[in-house]
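Peer 1: So you can see what is in the structure, the chains are spelled out below.
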Amino acid sequence: MNEAFAVATHGLSVRYGRETALHAVDLRVPEGAVYILIGANGAGKSTAMKVLLNLVRPGEGSAEVFGLDTASHGPAVRAQIGYIPEQHEHDYGWMTGAQLMRHVAAHYPAWDSEYAAHLVDTLGVRADKKASTLSKGEARRLQFVLALAHRPPLLLLDEPTDGLDPMARNRTLAQLAEHLADTPTTIVIATHHVHEVESLADHVGVLRGGRLVAQMTRDDVRTTVIRYRAEVPEGWRMPAELRVASARRSAIGREGEWTLIGDRADVTARLTAAGATIRDVAPLSLEDAALAFLAEEEAP
Amino acid sequence: MLVNLDPNDGRPLYLQIIDEVRRAIVVGTLRAEDPLPSVRELAAELVVNPRTVSQAYQELEREGIVYVQRGQGTFVSPAVRRGGSERRRSLARAVAKRALLDARRNGLGVGELVEAIEKAAAEEGEHDE
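Chains C and D, in that order, give the protein sequences.
Note that my numbering has the first sequence beginning at 1, numbered continuously upward.
Note that my numbering has the second sequence beginning at 301, numbered continuously upward.
One thing to keep in mind: the hints can contain errors.
Said to hold, decoys possible - Here's a subset of chain C near chain D, in silico, CB distances under 10 Å, partners left out:
#, residue
1, Asp-69
2, Ala-174
3, Glu-296
Stated by the list, open to error - Output of the computed footprint for chain C on chain D, the stretches with three or more beta carbons under 8 Å from beta carbons of chain C:
#, stretch
4, 310 to 321
5, 339 to 352
Calculated directly from the structure, the hints in this document are not laboratory data.
We put the beta carbon where it would ideally sit given N, CA and C, even for glycine.
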């Protein structure tokens, strides 16, 4: 199967001194995907994006964007990427929004000035103010314009709604949905606010302590991360081969609730064979499923 | 057309959109030849991947519930009538499936559920046509 990947990393490891930021990560982002990279702060999301942009070099392994090695083709790779970094400060704070847009337009031949004007209008960007005088939210919205207006084939968004009030968050995400409708593009969103982007996503990756502990399509999450409620006999034990993400036992009666990771039919069969009477089987929201992967105990 | 999506629903989003369109037709808020929002409009309103909306519209087109006019958009089929019996049956089947799932969760059998539905309907004073 030769699926085209917008992003592919191979055993990617990055260390900052003694700290391991990323360990043996094999990211696979298919072309055209909306991929959410989930993880707590410090889990390695920002580092992964910086490797793709060649702002950080791999310690071990490698990374490719549209088949180009990032470490040896930095400029060519960056030309295809629209990036919103985690911090909202602009490198050229002394420029106004308008000047920044002209600056970016000069470097990206695909810059669409009409689209830029539409984005400025829709997102309410103050193009006349110096970037360093913008509030966190205003700066964020300007970053959106700069990243989207040249319609890049790959968007890397690091906590894109951070610093925005709830209305602005909704407006920018709605604009992202429209952008997807108009532009052939791949989007990677690094966030720990899963809830608001989950309807946009079709792929998900979970980073825990620098390791990619899960990577699958949204559909696969629906069919493999499931909450089971069951009645179990006294002295019952969970079959050892099942992956338990979380467990709750009722204080009254013999009911328990477990979030298990695995094929639904297989897990159901194993639970039943072990003596459980299953009362409810419910798929989880992407947010709850991500929590399940993050909560999973590491194997001894 | 008001569409509400529930991320905890468990059904894929495109199915929820399809069901909402079907419901709007049966209830009468969407009528024959009414335009549906464009893919990008609905995607932006719901903040979902446009592919999800496309998938829903394609399935609705395959079922003959909507048709696509090139350059104009997607419209409800002329053959659709409010309360069309085929559509009502389809809607009833969906409701029945959800009820059966709920019954199973509560350890109830089909017979028990059917009996309980008839009793509850009689108490409300409603009668099936």
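Peer 1: Going back to the hint list, which numbers does this structure go against?
Peer 2: 1 and 3
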